[in-house]
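Number of protein chains: 4
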Amino acid sequence: MMNEYIRKINYYETDKMGIVHHSNYVRIMEEARIDFLEKLGYSHEKLESEGFYSPVVAVSCKYKKPLNFPDEVRVITSVKSCNGVGFVFAYEIYKEDELMFCGTSEHCITSTDYRIVRIKNEFPQFYNALCENIK
Amino acid sequence: MMNEYIRKINYYETDKMGIVHHSNYVRIMEEARIDFLEKLGYSHEKLESEGFYSPVVAVSCKYKKPLNFPDEVRVITSVKSCNGVGFVFAYEIYKEDELMFCGTSEHCITSTDYRIVRIKNEFPQFYNALCENIK
Amino acid sequence: MMNEYIRKINYYETDKMGIVHHSNYVRIMEEARIDFLEKLGYSHEKLESEGFYSPVVAVSCKYKKPLNFPDEVRVITSVKSCNGVGFVFAYEIYKEDELMFCGTSEHCITSTDYRIVRIKNEFPQFYNALCENIK
Amino acid sequence: MMNEYIRKINYYETDKMGIVHHSNYVRIMEEARIDFLEKLGYSHEKLESEGFYSPVVAVSCKYKKPLNFPDEVRVITSVKSCNGVGFVFAYEIYKEDELMFCGTSEHCITSTDYRIVRIKNEFPQFYNALCENIK
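Chains as they are written, first to last, in numbering that gives the first Met the number 0: chain C, 0 to 134; chain E, 0 to 134; chain W, 0 to 134; chain Y, 0 to 134.
If we strip away everything but chain C, and leave its shape as in the complex, we get (with noise of 0.2 Å):
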């Protein structure tokens, strides 16, 4: 599955050089993920009700183009790789047909009290459901 998010951006995402700040993308970054997810049937409430969290682990980021107010873009998500203990989102940010953005975040799941858990074991519908969905 590669996910499509549709997203404006907004006035307060710009700064002085008139364009959106760097640190904005870590932001639309996570919110194409979450959407991403709960395509996938596992939403962040999902997630937590089943006793996981998923912090973000690292993440990178390459600016290619400057994005700007009032743009819209799409931002395709994809699985990059999936093991036993943690997972890779990749991220395409594109204005029209343009590639604005690329990016990755890596995870890993924890329990509520925030033991890093092994994915593959403890929570095997997710980790397949991630797997089957490696890009």
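It is worth saying that the hints were derived from the structure and are not from the lab.
All residues carry an ideal CB built from backbone N, CA and C; glycine is no exception.
Mixed in with the good hints there might be a few duds.
Claimed, not checked - Using C-beta positions, here's what the derived DEER-type ranges look like: (1) C:67 with E:45: 40 to 50 Å; (2) Y:110 with E:80: 52 to 62 Å; (3) W:132 with E:45: 43 to 53 Å; (4) E:82 with C:119: 55 to 65 Å; (5) W:50 with Y:6: 34 to 44 Å; (6) W:37 with C:83: 40 to 50 Å; (7) W:96 with E:111: 23 to 33 Å; (8) Y:40 with C:67: 29 to 39 Å; (9) Y:0 with W:79: 53 to 63 Å; (10) W:0 with C:83: 51 to 61 Å.
Claimed, not checked - From chain W, some residues computed to sit far from chain C (all C-beta separations above 12 Å): (11) 18; (12) 49; (13) 56; (14) 65; (15) 82; (16) 89; (17) 93; (18) 112; (19) 120; (20) 132.
Given chain C, work out where chains E, W and Y should sit, using these hints.
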């Protein structure tokens, strides 16, 4: 007590008009209030350890002159009023000697399960500390 | 005209109290205002192309009930008043049918070199559009 | 040169997991970088007055341990590499003596009309200052 809190403007707080985005003043007010309460002996942790939260009930902002990166500002915080259930802080932001902004925030006190508390009765030492510092 | 703007709360807008941080409502108000003005025919780009900015002069916020992730909210925006030099927008944020927040923002109009402009004289069609939509 | 930048965590930087939201580290990195460059003699204004911008081309973040309000952190910034067209900063965030986060940011230099500039040729004193400070 009038508390002075010194603070640099951050680049990421600007917007494409080239000035500090108006939403960020609410955050600067929070920083200044936390600093004030800490100096008064009622840090956030102290309040929580006593079993209290102090949520924001209302906020007002008057933007007089724009701030910009890399301005350095002084925020003068004072208690404007305090009654049995709530209290109001006033804030003035100066750049050098010029008043750039003024604002207020109104607060109540709740227990950690969000029940509103009569601070005069249930947390009198905090109530007194506030009243003694009304400007 | 009363404009309805639908909006999901983002995870990154919450704070450690588990609710939407109070500064973010000012940003939601901005989104709703931009949406309102766009539908009125006066998008940000339209205003700029006519040679005008509309800076925020003042803001007020009343926090009635906390919002949380992943709430979906409706923001109702209306023109509250308009005179020769400025205008005021009013905002109500609803979760389902419950009023969670209300706020106002006050604006003036400047030329792109930040000189305050008498909108009734120098930008009458915008002035009229606002006046016709006072709620 | 390794620059040390001291910084308090702000309440509004936390999220509902009770920790600093991961997007905010990119902002802390920016603060630390601006502080570093200022001490190096190349403040943002100095760069601009020379006719240069230094946009962020890429960012990477590794979240090792969560930060929380009201932590005080030390950000250690250093130049990791520098070639004819770009340079990379490395950041480590410590709470007391524990490494909580490390990250990098990659930059190029452009003219104020956003044309990429060969910094070694067109801005050699800045290039040299960076190279001399590679850690």
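Against the structure, the hints come out as follows:
1. C:67 with E:45: 40 to 50 Å: holds (45 Å)
2. Y:110 with E:80: 52 to 62 Å: holds (54 Å)
3. W:132 with E:45: 43 to 53 Å: Once the Cβ atoms are compared, 49 Å apart, the range 43 to 53 Å for residue 45 of chain E and residue 132 of chain W holds.
4. E:82 with C:119: 55 to 65 Å: holds (58 Å)
5. W:50 with Y:6: 34 to 44 Å: The hinted range 34 to 44 Å holds for residue 50 of chain W and residue 6 of chain Y, with Cβ atoms some 41 Å apart.
6. W:37 with C:83: 40 to 50 Å: Taking Cβ atoms as reference, residue 37 of chain W and residue 83 of chain C lie about 48 Å apart, which means the hint holds.
7. W:96 with E:111: 23 to 33 Å: holds (29 Å)
8. Y:40 with C:67: 29 to 39 Å: Roughly 31 Å apart at Cβ, these two residues keep to the hinted range, so it holds.
9. Y:0 with W:79: 53 to 63 Å: Cβ of residue 0 of chain Y to Cβ of residue 79 of chain W: about 54 Å, so the range 53 to 63 Å holds.
10. W:0 with C:83: 51 to 61 Å: holds (56 Å)
11. 18: holds (15 Å)
12. 49: Holds, since 16 Å exceeds 12 Å.
13. 56: Given that every Cβ of chain C is farther than 12 Å from that of residue 56 of chain W, nearest at about 16 Å, it holds.
14. 65: holds (17 Å)
15. 82: holds (25 Å)
16. 89: The claim holds: residue 89 of chain W sits with its nearest Cβ about 19 Å from chain C, beyond 12 Å.
17. 93: holds (20 Å)
18. 112: holds (17 Å)
19. 120: holds (27 Å)
20. 132: holds (21 Å)
No hint from the list above goes unmet by this structure.
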